[in-house]
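Same order as they appear, the protein sequences are chains A and B. Going from the first sequence to this note's numbering is simple: count from 1 and add 63. Going from the second sequence to this note's numbering is simple: count from 1 and add 33.
Heads up, a few of these hints could be off.
Coverage of chain A stretches by chain B, computed from C-beta distances (three or more under 8 Å per stretch; other residues unrestricted) [claimed, not checked]:
#1 98 to 109
#2 174 to 183
#3 313 to 324
Straight-line distance between alpha carbons at most 25 Å, and here's what the computed SDA-like set of lysine to any residue pairs gives [as the list claims (entries may be wrong)]:
#4 B:K35 - B:E124
#5 B:K186 - A:L175
#6 B:K35 - B:Q81
#7 B:K186 - A:T97
#8 B:K186 - A:S95
#9 B:K186 - B:D45
#10 B:K186 - B:E38
#11 B:K186 - A:R242
#12 B:K186 - A:T253
#13 B:K186 - A:E288
#14 B:K186 - A:R106
#15 B:K186 - A:H92
#16 B:K186 - A:E308
#17 B:K35 - B:Y88
#18 B:K186 - A:L99
#19 B:K186 - B:A90
#20 B:K186 - A:E255
#21 B:K186 - A:H241
#22 B:K186 - A:V359
#23 B:K186 - A:F98
#24 B:K186 - A:A194
#25 B:K186 - B:K35
#26 B:K186 - A:L108
#27 B:K186 - A:Y88
#28 B:K186 - A:V77
#29 B:K186 - A:A291
#30 B:K186 - B:F148
#31 B:K186 - A:L96
#32 B:K186 - A:D209
#33 B:K186 - A:I94
#34 B:K186 - A:P86
#35 B:K186 - A:E91
#36 B:K186 - A:V90
#37 B:K186 - B:D84
#38 B:K35 - B:E142
#39 B:K186 - A:G87
None of these hints come from the bench; they were simulated from the model. Yeah, the Cβ is synthetic: ideal placement off N, Cα and C, and Gly gets one too.
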Amino acid sequence: MSVRSLLERATAAVERWELLDAPGYQVEHGISLTFLLTGRWARPLQDALHGVWLGHPLHPALVAVPIGAWSTALVLDGLDAAGRGGPGVGQAARMGVRVGVVGAAAAAATGLTDWQHTHDAARRVGMVHAALNGAALGLYGWSLADRSRGRATRARVSAATGYLLTVASGHLGGTLAHRLGIGGDHAVRTAEPRTFTAVAEQADLTEGVPHPVDVDGVPVVLVAEDGAVHAVAGSCPHLGGPLGEGWLHRGELVCPWHGSRFDLATGEPAQGPSTASLPCFDVRTRDGRVEVRRRVPRRTATALTTAEEASR
Amino acid sequence: MKADEVLIAHHDVLRGLLGQLRETTDGQLDRRRHLRAEFLREVEVHTQIEDEIFYPAVSEVSPLLSVAHAEHRQIDDQLATVMRTPVDDPEFLVEVRMLEATLRHHAAEEEAEMFPQAHTLGEDRLEELGQQLQDRQAELARSGAMRWMVRLKHTVLRLV
C-alpha cells in the first residue's frame, strides 16, 4: 500500500469521526466565552489573530516559527548526543526549543481563532491537529524543564517525540489548508463579464437590501444605497457563505454564516473571519436596467489575463 | 405539536421581542432594558433546546447543522454587543437591528430548509420530539440554575 493511500485512510477516518462533534462545540463555547470576556476588544483581537490586516490567514505564517526552531533544535540535539557539536551546542538547542515553544503558543492562539468558524470534517481534523500540537507543546515544555535540571538525555528524547507529533500534526494542517480549503479564498474570481451585462431591473432593487443575481452562473450581490448601486461577488471568500442572503450593517455587507463584513465600494473585509477581499464589479444603469462588469484588480490583472489567454 | 411547530412558535416569540425592542423610543429606556433581558433569557432557552434535542435528532437528515451552529454563534456575539451598548446610546437601535437581521436569517433558514428536511424523520417522530422540546422548554423556564446562569451572563456582558 502506498504512503499516500495510508495517509488518506488515516485522515479520512479523522474527517468522519463524529464523536468529536459534541466536545468540539463545548471547546468552541469556551473560546467564544473567552473572547466575549474581553468586551469591545473581542472583535479587533479576533481579527488580528485571523490575519484580516494581512490579507491571508496569520496562522500558517506563525507555524513556521516552531517548526523551524524545533527542526534546528533536533539537529543540534543530534550533534550534541553524538559529541560532535562542540561547546555551546546544548545551549543553542535549548534556545531553539524555547523559541519554538513561544512560537507554538502564538500559532495555537491564531489556529484556535480560525478553527472556531470551521464546519464538519475540517472541524474534526482541526481538533486532532490541535490535540497533537498541544501534546507536542507539552513535551517540549517538559524537555525545557529537563534541560535546566541537567537531564540531557531525557530532554532530547521528549523533544524528539514532540517533533514526531509535530510532523504528524503538520500533515493534518496541510490537509486542512490544501484539501479542505481552510484559510483559502472561496470567492469566485473570474474575469467575466468583461463588458457591461444587464443583470436586473433597477425598479426591483430596494434601498439598503442586498439583491442576489446570477451572472453566467456566478452569484453577484447588488446593493442600492444612497443613490448608488454597488455590485460585489455573492460567495464569501471565507467559506463560500451566501452573501445574497446577507444584510447591511453600517453600510457593510454581512455574511450570514460567520459574520464577516465587507466594504461595498472596495470589497475589503471590515471584519473577519474573512481575510480576503470580495471581488467587485463596475456598475452602470441604462434604460432602467442595472449592468455590471467585472472590475479586474490592478495587481493581478496581468496574471489573470495571461492565464486566461493561455487557456483559450 | 410537532417539533417544527414548537420551534416556529418560539421563533415568533424571539422575533416579536426584537421587533418590540426595535420599535422603542429614546424615552422608553426601562422598556428597552426589560425587553433586552427577556430576549437574552428566551434565546438562551431556545439555543439549549435546539442543541440538546433537535439538532442531534436531525443530524442524519440535515446537512445544515454546522451552518445553524455558526449562526447561533453570530447571534450570541451580536447579543453581547447589544448587551454592552447602553440603552440610551445613539447606536443602540443600530445594534438591535443587526441582531434582528441575524436572528431573522437564522430562523427563516431553519423554517424554509432544515424543518422540511426534518419531516423525513416521520410525523410520529416529530410529534415525539415536539413533546420533548416543550417539556424541556418548560423545565428550563422553571429552572433555578438557568435563571442563575442567565443573570450571571446578563451581569458579565453588561460589565465587559
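Measure nothing beyond the straight line between the CA atoms of B:K186 and A:L175; if it is 25 Å or shorter, mark the hint as holding. 23 Å, holds
Holds or violated: B:K186 with A:R242, Cα cutoff 25 Å? Cα-Cα ~39 Å, so violated.
Closer than 8 Å Cβ to Cβ for three or more residues is the test here. Does the region 98 to 109 of chain A pass it with chain B? holds (count 6)
Restraint status (C-alpha distance of B:K35 to B:Q81 at most 25 Å): Judged against 25 Å, a Cα distance of about 18 Å means the pair holds.
Measure nothing beyond the straight line between the CA atoms of B:K186 and A:S95; if it is 25 Å or shorter, mark the hint as holding. 13 Å, holds
25 Å Cα cutoff - pair B:K186, A:L108: 21 Å, holds
Checking one constraint from the list: CA of B:K186 to CA of A:L96, max 25 Å. Satisfied? 10 Å, holds
Are there at least three residues in the region 313 to 324 of chain A whose beta carbon sits under 8 Å from a beta carbon of chain B? holds (count 6)
Agreement of B:K186 and A:H241 with the hint, judged by alpha carbon distance not exceeding 25 Å: 39 Å, violated
Please work out if B:K186 and B:D84 have their alpha carbons no farther apart than 25 Å. 18 Å, holds
Is the Cα-Cα distance between B:K186 and A:A291 25 Å or less? Violated, because 42 Å separates the two Cα atoms, which is more than 25 Å.
Below or equal to 25 Å on CA atoms is what counts here, so check B:K186 against A:E91. Distance of about 17 Å is within 25 Å: holds.
Checked against the numbered hints given earlier, this structure breaks hints 4, 10, 11, 12, 13, 16, 19, 20, 21, 22, 24, 25, 28, 29, 30, 32; the rest are met.
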